[in-house]
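Same order as they appear, the protein sequences are chains B and D.
Under the working numbering, the first residue of the first sequence is numbered 1, with each subsequent residue one higher.
Under the working numbering, the first residue of the second sequence is numbered 1, with each subsequent residue one higher.
Rather than coming from a laboratory, the hints here were simulated on the basis of the structure.
Ideal Cβ positions, reconstructed from N, Cα and C, are used throughout, including at glycine.
No false leads were slipped in.
Across the chosen pairs, the derived CB separations fall in these ranges: (1) B:E222 x D:Q244: 27 to 37 Å; (2) B:A5 x D:D63: 48 to 58 Å; (3) D:M329 x B:L224: 21 to 31 Å; (4) D:K373 x B:D11: 49 to 59 Å; (5) D:R247 x B:S215: 17 to 27 Å; (6) B:A5 x D:G41: 30 to 40 Å; (7) B:S215 x D:K373: 43 to 53 Å; (8) B:E234 x D:P221: 31 to 41 Å; (9) D:K248 x B:A5: 36 to 46 Å; (10) B:K230 x D:L217: 27 to 37 Å; (11) D:D334 x B:T9: 52 to 62 Å.
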Amino acid sequence: MSNWARPFTVDVSDADLELLRKKLELVRFPDELQGADWEYGVPLEDIKRLTSHWRHSFDWRKAEAEINKFPQFTTDIEVDDYGALNVHYVHQKSTVENAVPLLFVHGWPGHFLEVRKILPLLTAASAEHPSFHVVAPSLPGFGFSEAPSKPGFAGYRYAELLHKLMLFLGYEEYVYQGGDLGHVLGVYVANAYGHKHLKAWHSNMPFYRPPSLLSNPLLFLELLTMPFNKTLSEQLSAATRFRKKGMGYYQVQATTPQTLGYSLADSPIGLLAWIYEKLYKAVDHYPWTDDEVLEWISVYWFSRPGPAANVRIYYELTGGNAHDLFEGTRWTSVPLGVSFFPGEPVRLPKSWAHLIGNVVFQSEHDAGGHFAAFEQPEKLASDLRKMFGRGGPAYRVISGKDGYA
Amino acid sequence: MSSNTTHSEHTFKLSIPDADLDLLRTKLALARFPDEIDGAGWDYGVPLADMKRLVAHWRDAFDWRAVEAAVNQLPMFTRDIVIEGFGTLNLHYVHQKSEVKNAIPLLFVHGWPGHFLEVRKLLPLLTAGSADHPSFHVVAVGLPGFGFSEAPKKPGFAGRQYAEVLNTLMLSLGYDEYVYQGGDWGHILGAHVAAQCGHKHLKAWHSNTPLSVKPTLFSEPLAFVRSLLPQGRWTREGLEASAQFARKGCGYLIEQATKPQTVGYSLADSPVGLLAWIYEKLALWTDKYPWTDDEVLEWVSIYWFSRAGPAASVRIYYEMTGGYSKDAMHMLKDAKWTSVPLGLSYFPAELFRLPKSWGHTLGKVVFQSVHEKGGHFSAHEQPDALAGDLWKMFGKGGPAYGAVSGKNGYA
Numbered sequence: 001m002s003n004w005a006r007p008f009t010v011d012v013s014d015a016d017l018e019l020l021r022k023k024l025e026l027v028r029f030p031d032e033l034q035g036a037d038w039e040y041g042v043p044l045e046d047i048k049r050l051t052s053h054w055r056h057s058f059d060w061r062k063a064e065a066e067i068n069k070f071p072q073f074t075t076d077i078e079v080d081d082y083g084a085l086n087v088h089y090v091h092q093k094s095t096v097e098n099a100v101p102l103l104f105v106h107g108w109p110g111h112f113l114e115v116r117k118i119l120p121l122l123t124a125a126s127a128e129h130p131s132f133h134v135v136a137p138s139l140p141g142f143g144f145s146e147a148p149s150k151p152g153f154a155g156y157r158y159a160e161l162l163h164k165l166m167l168f169l170g171y172e173e174y175v176y177q178g179g180d181l182g183h184v185l186g187v188y189v190a191n192a193y194g195h196k197h198l199k200a201w202h203s204n205m206p207f208y209r210p211p212s213l214l215s216n217p218l219l220f221l222e223l224l225t226m227p228f229n230k231t232l233s234e235q236l237s238a239a240t241r242f243r244k245k246g247m248g249y250y251q252v253q254a255t256t257p258q259t260l261g262y263s264l265a266d267s268p269i270g271l272l273a274w275i276y277e278k279l280y281k282a283v284d285h286y287p288w289t290d291d292e293v294l295e296w297i298s299v300y301w302f303s304r305p306g307p308a309a310n311v312r313i314y315y316e317l318t319g320g321n322a323h324d325l326f327e328g329t330r331w332t333s334v335p336l337g338v339s340f341f342p343g344e345p346v347r348l349p350k351s352w353a354h355l356i357g358n359v360v361f362q363s364e365h366d367a368g369g370h371f372a373a374f375e376q377p378e379k380l381a382s383d384l385r386k387m388f389g390r391g392g393p394a395y396r397v398i399s400g401k402d403g404y405a
Numbered sequence: 001m002s003s004n005t006t007h008s009e010h011t012f013k014l015s016i017p018d019a020d021l022d023l024l025r026t027k028l029a030l031a032r033f034p035d036e037i038d039g040a041g042w043d044y045g046v047p048l049a050d051m052k053r054l055v056a057h058w059r060d061a062f063d064w065r066a067v068e069a070a071v072n073q074l075p076m077f078t079r080d081i082v083i084e085g086f087g088t089l090n091l092h093y094v095h096q097k098s099e100v101k102n103a104i105p106l107l108f109v110h111g112w113p114g115h116f117l118e119v120r121k122l123l124p125l126l127t128a129g130s131a132d133h134p135s136f137h138v139v140a141v142g143l144p145g146f147g148f149s150e151a152p153k154k155p156g157f158a159g160r161q162y163a164e165v166l167n168t169l170m171l172s173l174g175y176d177e178y179v180y181q182g183g184d185w186g187h188i189l190g191a192h193v194a195a196q197c198g199h200k201h202l203k204a205w206h207s208n209t210p211l212s213v214k215p216t217l218f219s220e221p222l223a224f225v226r227s228l229l230p231q232g233r234w235t236r237e238g239l240e241a242s243a244q245f246a247r248k249g250c251g252y253l254i255e256q257a258t259k260p261q262t263v264g265y266s267l268a269d270s271p272v273g274l275l276a277w278i279y280e281k282l283a284l285w286t287d288k289y290p291w292t293d294d295e296v297l298e299w300v301s302i303y304w305f306s307r308a309g310p311a312a313s314v315r316i317y318y319e320m321t322g323g324y325s326k327d328a329m330h331m332l333k334d335a336k337w338t339s340v341p342l343g344l345s346y347f348p349a350e351l352f353r354l355p356k357s358w359g360h361t362l363g364k365v366v367f368q369s370v371h372e373k374g375g376h377f378s379a380h381e382q383p384d385a386l387a388g389d390l391w392k393m394f395g396k397g398g399p400a401y402g403a404v405s406g407k408n409g410y411a
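The task is simple: from the sequences and hints, build the whole structure.
Structure representation (structure tokens):
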């Protein structure tokens, strides 16, 4: 059996559209406390407005047509012990033949379309900056990729699948960009394929385990002085606030993803609320339109394996909350670039970025949040151009592919 | 008599409109199920096979009208209760008097995902007259936001408010002095009622889910010292199980304590989602209890058809923990220790199985009982064992005998 890149178009069935329509018609809303606003979760007014828009105005076929303008494919990737998984991805080559092959990996509740605004910027040819060939997959269980059907598909399995996808596309050497779980999986790819294949990578959510006395004595000692260090304590208190108030989803998804999954699969407003909470909270004043939100949620609603499959990634990566997301990984010397965006809720002291890897590039912005590629594509593209361009710290990491004509 | 005088009582009969039954059936007919990992069992949550079977039964075989008729055999009422700062809440409750005139008035309080019907099997045991054990007049309340009680409309309905509404209910029924039995939130709220109305009105109380903080040297020195001594196997295994539960079983708690509205959309809109969310607890928190599909669906239907809707019920986690501002034990913060006599029953499949010495931080422990069988929903799983504990605690020769003056529970 030969494997090939089968061209793919999103084509949701009429039956699926009709089921969604019927469910939206039968929606039963909860009550709400007076003056609740965002204190208890997503406000009722937002959900009612979005539901009405979804029922009466949102045009999925129009959104679908726009999505299908991106060059999409599916291909089978063999993962050890899991057999072949059919993976969906966008693959856009630059006109620059020696463009840098870049793997763009989304997180949760993200998806492959987070690449859509940055794609033209990265693939554009110019004498002023490098160009990239971009591969943006749907992670297994998300979007239009198959989900693993056996348990235990953890960090190194994702890394294997992503790596093999790049090899399949002819990219023996490549670079990588990710945020959220895309960042987490970048750590795994760097650990498993760093230097030999992954030549450098970039994260817009630089996050790792806290320092320990044995692993990073200097940073650990800094942590001990935290009560006296105003900057450090401010940075940590923002992170702590998110951890306290914003991590309910993580706890549920890491321990009982299937139980949650029944709601996400059966109730469009349940799914909408679960995801929209993060879309709203994790951005930096991003002016979401209702159409944008509903398109995003619809990709989850119409996803190939269904909306319950994607939340399992938290369970698999943490062993059912037995350990953190980075189990079995360590610091690597693969060149790493990090970008700090002010609205990122998962924010640790900047010095801690060095715990992840060999930081060769750092950039700090005054605008942008968690979904950096979607909110601030120019800024993120600019960071990648600086990192990989002439005079940059990762210039020409891939021999023969410096990104210029 | 409290100045929060109540309006008159109305008898209550459950009668869900046909339109509501039709909506449920239509939603069940349109159920969209997720996929499942091969051989998942219970590892990732409720198994798909269980859900499909239960949904099919709910859609095609479950007879709500028959359930309703049976529930309506219970003596049920509603009454307006005024709470300071929150106006009037219409509370629903079962009120079954014993034939024994001087029976002990007992308030039975459920938790989450429980409801007033948890009292059902206990009711005949507690109200029956006998020379061998005391009898009780039983009031089983639906907590605000649960079952057929109204929900608070404003933020901030926490320990003080729950204590006030529960105490006022008993006073309005003519029970100036009473005792109390609760588990889960019923347990936590018991501590608040004791702190606020202990001795004056609440004369003694009992819990079947003794969750508490650790004793400290200065708060409970004896218990503290006891907690430092080498722990026996029962205690060690209990602590292990508690740590496991804290790590693996508290996702729902953190979500409900931080974002109850967000999860509320799923619970209100999807009977399948609600069923999974609640059934998971019914299955995992009980001790090999042989749930029938009808039992489960009756239980979840109470939530589905609840007066305030299922989203209102989970708000108690947010209100009682201050939105999880510090940690979950914040829920006991204002429930200061009192010397109101307290009885504790320990069931083996309980979620947090803490050392017996820790129970002394909750109040003046006069009765302790350890069981070989039973889990979190002890009134439903082990009604004889629980009734037996109450008989021992309040009966002749028991440590809380005669707690309520003039009402020792005997003819």
